[in-house]
Amino acid sequence: MCASPSYRMHFMMCAGTGCLASGSADVRAALEKELAKRNLQDEVQIIMTGCNGFCAMGPLVVVYPDGVFYNQVKPEHAPLIVEEHVLKGRVVEKLLFKEPVAKSAVPLMKDIGFFGLQRLTVLRNRGLIDAENIDEYIARDGYAALGKALLEMTPEEVIEEVKKSGLRGRGGGGFPTGLKWEECARYDNFPKYTICNGDEGDPGAFMDRSVMEGDPHSVLEGMAISGYAIGAHQGYIYVRAEYPLAIQRLEKAMVDAREYGLLGEDILGSGFDFDLAIAPGAGAFVCGESTALMFSIEGKRGMPRIKPPRSAEAGLWNQPTNLNNVETFANINPIILNGGDWFASIGTEGSKGTKVFALTGAVNNVGLVEVPMGTSLKSLIFDIGGGIPKKRKFKAAQIGGPSGGCIPNGMEDVEIDYESLQGVGAMMGSGGVVVMDDATCMVDTARFFTDFSVEESCGKCTPCREGLKAMLDKLTDIVEGRGEEGDVEYLQELGHHINSTSHCGLGKSAANPVLSTIRYFRNEYDAHIRDKHCPALVCPELIDFVVIEEKCKKCGLCYKNCPSDAIIWEKKQVARIDLSKCTKCRTCITNCRFGAIR
Amino acid sequence: MVTLTIDGVEVSVERGTTILEAAEQAGIRIPTLCHDKRLIPYGSCRLCMVEVTARGRTRTMPACFNPARDGMEVATQTEKLNSSRRMQLMLLLRSHPLLCPSCDAAGDCRLQDLVHEYEVGAPPFARESRYFHVDNESHFIRHNMNLCIRCGMCVRICDEVQGQRELSFIKRGMESEVSTDFGRPLDCEFCGQCASVCPVGAISSKWLVGTGRQFELKKTDTTCAFCSLGCTLTLGEKNDKIVYVDSPHASPNEGNLCVKGRYGWPYVYAEQRLSKPLIRKNGSLQEVDWNEALSFVAEGLMKVKTASGGTSLAGLGSARLTNEEAYVFNRFVRTVMETPNLDHGGGQAYKPLTGAFGPILGYPAGTNSVRELRDADVILLFGADITETHPVAKNEVIIANGRKKSRPIVVDSMQTKLTERMGSLFLQVPPGTEYVIANAMLKWIVDQDLVDKKALDLRAEGFDELVASLADYTVENAARVTGVTADLITQAAKAYAEAANAAIVLTSGLNRPAETVELAQAAINLALVTGRVGKRSCGVHFLGEKANSQGAVDMGLSPDLLPGFNRMDDEAAREKIAKLWDAPLPEGKGLSAREMLAKAESGDIRGLYVVGENPLESYPGRAQVEKALTSLEFLVVQDMFMTSTAKLAHAVLPVASFAEKSGTYTSTDRRVQRLTPALKNTAVKSDLEIFTALAAMMGKPSLTYAGPERVMEEIAGLVEVYAGITYGRLGTRGLVWPCVDAEDPGKELLYEGGFPGGKARLAPAPPLKELSGDGLPMYLIPAILKFHSGSMSEHSASLLEVCPAGSAEMNFKDLKALGLKDGDTVTITSGNGASMQVKAKWSRRAVEGSVIVPYHFSALKLNTFTEWDQPVVKVKVEKV
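As they're listed, the protein sequences go chains A and B. Each residue of the first sequence is one higher than the one before, starting from 284 at the first, in the working numbering. Each residue of the second sequence is one higher than the one before, starting from 677 at the first, in the working numbering.
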């Protein structure tokens, strides 16, 4: 770290999009002010780092050298931290993280389950460096891999190393990266291009954003190495326009890298030229599909095209093109530095290395986690994620976003790797994990993801354009009480049809949420269709809005919260619902602690 | 070659063939809704899914873009596939309005056909109504996106084949639709390819709406009568009226048509069409019956011939006559009128053929077929705005550019659509100096030693003389004369010389009279020294202006020619033809069109028979032409319309249109193709009927034929390259000459094995002419506006709808300098005192220092500006 040696203490503050949104910039200002007031500005340095991963608990401050982890820090806590921790050397109890289950405060970051069980490769610089400072990246072995590749290895050796590592594409497809590079390197048609796919669009997924924001140089370095390996001198980073901070940091990183001679002509005196440009996306999920993405860079309508030819042969502007995902590129530096064998030693037989997941939904520790391939879903949700909040039960986890499938309660022992997930009807996808508790209606969930796919279908091929809408219509019918016998079979037929005849990855997997929820939660579909009842009490049309007398504890919470005065209740009386006034808003259901409304 | 099995049938196909194409070759049909041979496979309808077993694995994949591979086993009709197709069709019907009973496409709807074939019943889901844009405003074409199935064929043909890119998909998913930018009405080439390719009724040709269903139409395949590309037309007729025009996929033009071919035909029904013969009585033209008119003409011509001799008569034919008519007209002029004076096209339009192609190479014809352009790596266009003149040939350049990254190099005095293509070069030259560039390129190539010596030594003579004559044509000199930078000239030369396949395109027409022979010579020399003659996708193309530009030369409509390229002074040929024609041939070389008019003015030519030509409108020097025509003792005009020349005539004979007669045209590819009558019109006669009737009346009853087929038999006997051609063999694709016997399939590529004269004779370059710096400030460039061609298009209600009147197109800088706005009226004056008033129009194609005026609007009388000796006109433009 290039900090001046006179600093005796560092505050590492998270400046990812999540923490910035919860106010980390204000906290920083307050801390600076407080330090200045006590004339400590030369003793304590504040560093804004990339996303720390523990987004639910932001803003976060990690104090080094001790490694004390403060969460949910507010500007008014600044005097307290400075007074107690900096001056008196006492940990501020009230700002410590409390394990959701054990309820005990954990002062040190390494002891927190969320962090302790992770293995950081992609996120190796998480919370440790200033994303906008190239020196800090370099201090942590940054660009050492590029130097090694350019000066000590031939392009063939680089490819060999990547092949040896067993690294597979982290964008969802899981194609072996080394083979992809090898194929592209084979074509003797110049110019070639290498592209980084940063069009992360799955609902709830933010792995790539975090890498681009928190460690932009790792992407640049991986891309430069891939350019060297395949013979490309120009790369493009396709980033969602909805990620302005990522774009800003990548741009800064590119400017710095050029200044240091790590991009541009004759990199490190090796004679290899390579430069990058950013192509902001235009807001279409389908542009995450590689060929649509290339059309989008060309300024054309983002629609997948036919293959062959594959992009390795004729991609961007019909030239040989390699395309990898952000996370894939971020894995390259450690592979080159530590060797393919080292990387291959992590993970399972078919899936090597680690994988970053965005853990969201009904889980205590919402955030970004990186675990070795082969970690069980259970460990991910309960050990790292801290379990399900509000004492609810784990019901299912949707892995792989709208293209993935759900894994139900009882199968949480499944190991997370490409093959195992496919075996249970889900997919790795880009790594979004949405955890659902027992208050989730699976039919409604399937409908939600299908709605997303309908909105994002480009409209090119018939099954995706028309089939998904037909599916959505049917799901809407079911959740609104118009389901009929045979609908489930019809959904299955249509789902298989869409998956087997669609053109691109979007359509080919768009029916997965429906198919996997039918596979594991057929009874919920049947309840919706036959009993006209939503067991999870989510679908308003399928709730009776009747108080179950035996369960009612006569507490009146429903009465107090009802916005439309539809609850008739008096002290020590069972509540009743006046259906003529009820707007089916479900406020009573969410407020009842006893499940007394059906 | 790869061998695979499709539904148990083993088939061997070339590597790269798709499964769909392989199936087609095996005679197996796989249903599709988004596939068209002309287009790059797209894979959107997903109907062509097949089961492929390879290396022990069975997968389902679309047949339309997956390549056939060795050892594949393909199943196209399993129960699973068929039910998947049924589902696909049901999904398409989800939101497709089922208004089939009132839909114009019913009976011609691929969706309807497949729904019927697969017995699709009621879908197990709710239908959905979506509301999209309906465009009723555009010319010719109606868009109703509610019927669209998003196959994308219209978008693709507009981009990949037409190069127009007028249509694209907008919005996403369910809401995606085909639209122009911001949904404005079409402003394009109006080729109607989008309507033609639409598998349902979403895009249709407006005029064909509500006029008849496919199965009610009587369809006739014939040949388009506009330009020289010879596109096959299918005319659909109901109740004796054409209500449908399309082109079969199997045609040489692959079903592609331009606006003229597809929508230009209403001139057949124009009110101005002449339906009765007229003769001049008491100073005015009066309608009479055919007998009276024909005897009037016969007597009139006889009278002049008897009084002043045959040489005081002259005939002007036209490149719009069929081969048979041109041949018989030649015989009529030479043996009945007994005069050698015969010409067409002003004596100029075909000059590059007879003055350059013939003498240098052997045949007065282009060397390759237009279809080969799509495989050329460089396409060099000299003064050829083929987007306007030959739109379907332009498609080949677009295809080459889009799929092979071929480079169009445009040498012209105005921008064309091809100058906007990726990789193109634009060498902007003053009118008439294209030959300077061609010669400078040639010299550069010789100097850089990029010459194909082997081909030259073996195949051509006169190289040293050529090199000597090129001395002045240094790149620097050419740059000085033309104003093109030396760098651009060398770039063009280098690109042409180094390309694997490089073709040159020239066009003809009376609007390009300056140095056309010199240009053609230089172009042919270029091709010869780089070894590009006798090679596919190379050579020199000469795109004639009119439907039978090639045939008119083949049939000898020229003062010094007889049919079959026989010269008037070739004794052996004369003897043979005289015997065949049962009459002696007139002595000596005849007068050219220009000479005829000069002699008419001086009184030496007294009678003129004009067939299908309009000299007063299309020849340079309007005043002199008018004077000459009015000096004539007897002027006969044979035309479909009352042209300005006809108004001066003593007799006007109305003739049949292309849709009403039989015969053949020879396209620019040397393809001889049939005209088959789709309509009957008893009021008019065909030119052939008129010639034979007149011959009988003028004492030559032996000049008679029982229909055009007999004429072709005679042509085949006389013209060597037509020897193998009979109507029976022509079929839908015609035959390309040389076709020397009944077995000969014809040759699209000339000179592959050598030249008729042993070696080609390179023509030395003419002296480099400096441009005079004096004169008025701007060049007047006669050009085509919105696909008109003049004589016929001006009577085509459809083409007039798109573009009713001419305007003066100018560069915005010139407009600004003159203080003009778009739409201001300007006066254009030339040095010889001619002037016109016309509206100025901002135009992207006009370069600085030029004003583009269409030559095909008779109201503008553009030929008051031009003169035979001064084809390049400089003018002054002023605000009124």
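One or more of the hints may lead you astray.
[What the hints assert, rightly or not] Coverage of chain B stretches by chain A, computed from C-beta distances (three or more under 8 Å per stretch; other residues unrestricted):
hint : stretch
1    : 847-860
2    : 1333-1346
[As the list claims (entries may be wrong)] Away from chain B, derived, C-beta distances all over 12 Å, residues of chain A:
hint : residue
3    : Leu363
4    : Val384
5    : Pro438
6    : Gly456
7    : His516
8    : Asp556
9    : Pro592
10   : Lys673
11   : Asp696
12   : Asp727
13   : Asp770
14   : Leu777
15   : Cys835
16   : Lys836
17   : Arg876
[Claimed, not checked] Restricting the straight-line Cα-Cα distance to at most 35 Å, the calculated cross-link-like pairs of lysine-lysine (DSBU-like) are:
hint : chain 1 : residue 1 : chain 2 : residue 2
18   : A       : Lys791    : B       : Lys1170
19   : A       : Lys815    : B       : Lys756
20   : B       : Lys847    : A       : Lys590
21   : B       : Lys957    : A       : Lys583
22   : B       : Lys1129   : A       : Lys583
23   : A       : Lys583    : B       : Lys1170
24   : A       : Lys791    : B       : Lys847
25   : A       : Lys791    : B       : Lys1080
26   : A       : Lys791    : B       : Lys756
27   : B       : Lys1081   : A       : Lys590
28   : B       : Lys847    : A       : Lys535
29   : B       : Lys1080   : A       : Lys583
It is worth saying that the hints were derived from the structure and are not from the lab. Glycine included, every Cβ here is placed at the ideal spot set by N, Cα and C.
Going down the list of hints, with the structure as the test:
Using a Cβ-Cβ cut-off of 8 Å, 6 residues of the stretch 847-860 of chain B lie near chain A, which meets the minimum of three, so the contact claim holds. Counting residues of the stretch 1333-1346 of chain B whose beta carbon lies closer than 8 Å to any beta carbon of chain A gives 0, which falls short of the minimum of three for the stated coverage. A cut-off of 12 Å between C-beta atoms confirms that Leu363(A) is not in contact with chain B; the least separation is 51 Å. Non-interface call for Val384(A) relative to chain B: holds, since the shortest CB-CB distance, roughly 44 Å, exceeds 12 Å.
With a closest Cβ-Cβ approach of about 27 Å to chain B, Pro438(A) is found to remain outside the 12 Å limit, as its non-interface label requires. With a closest Cβ-Cβ approach of about 17 Å to chain B, Gly456(A) is found to remain outside the 12 Å limit, as its non-interface label requires. At the 12 Å boundary, the C-beta of His516(A) stays outside the reach of chain B, the nearest C-beta of that chain being 20 Å off. Remark: the non-interface label on Asp556(A) is consistent with the geometry, its nearest Cβ contact in chain B lying 24 Å away (cut-off 12 Å).
Remark: the non-interface label on Pro592(A) conflicts with the geometry, its nearest Cβ contact in chain B lying 10 Å away (cut-off 12 Å). Lys673(A), annotated as away from the interface, keeps every beta carbon of chain B farther than 12 Å; the closest lies near 37 Å. With a minimum CB-CB distance of about 31 Å to chain B, Asp696(A) clears the 12 Å threshold, and the non-interface call stands. No beta-carbon of chain B is positioned within 12 Å of the beta-carbon of Asp727(A); the least distance is around 20 Å.
For Asp770(A), the non-interface assignment is contradicted: its Cβ lies about 9 Å from the closest Cβ of chain B, within the 12 Å cut-off. Not every beta carbon of chain B lies more than 12 Å from that of Leu777(A), the smallest distance being close to 7 Å; the non-interface claim is violated. With 12 Å as the threshold on Cβ separation, the claim that Cys835(A) sits away from chain B holds: the shortest Cβ distance comes to roughly 40 Å. At roughly 44 Å from the closest C-beta of chain B, the C-beta of Lys836(A) stays outside 12 Å, upholding its exclusion from the interface.
Listed as a non-interface residue, Arg876(A) keeps its Cβ farther than 12 Å from every Cβ of chain B; the least gap is roughly 41 Å. Straight-line distance between C-alpha atoms of Lys791(A) and Lys1170(B) comes to about 49 Å, which puts the hinted pair past the 35 Å bound. Taking the CA atoms of Lys815(A) and Lys756(B), the gap is near 34 Å; set against the 35 Å cutoff, the hint holds. A threshold of 35 Å between alpha carbons decides the hint, and for Lys847(B) with Lys590(A) the separation of about 24 Å falls inside it, so the pair holds.
Straight-line distance between C-alpha atoms of Lys957(B) and Lys583(A) comes to about 68 Å, which puts the hinted pair past the 35 Å bound. A C-alpha spacing of about 45 Å is found between Lys1129(B) and Lys583(A), which places the hinted pair above 35 Å, so the restraint is violated. At most 35 Å may separate the alpha-carbon atoms for a hinted pair to count; Lys583(A) and Lys1170(B) meet this at roughly 32 Å. A threshold of 35 Å between alpha carbons decides the hint, and for Lys791(A) with Lys847(B) the separation of about 21 Å falls inside it, so the pair holds.
The hinted pair formed by Lys791(A) and Lys1080(B) meets the criterion: a straight-line CA distance of about 32 Å does not exceed 35 Å. For the hint linking Lys791(A) to Lys756(B), the alpha-carbon distance of about 18 Å falls within 35 Å, and the restraint holds. Under the criterion of a C-alpha separation no larger than 35 Å, the hint pairing Lys1081(B) with Lys590(A) is consistent with the structure, at around 19 Å. Between the alpha carbons of Lys847(B) and Lys535(A) the distance comes to roughly 34 Å, so the proposed pair stays at or under 35 Å and holds.
Pair hint Lys1080(B) plus Lys583(A) holds up; C-alpha atoms about 19 Å apart against a cutoff of 35 Å.
This entry does not satisfy hints 2, 9, 13, 14, 18, 21 and 22, going by the numbered hints stated previously.
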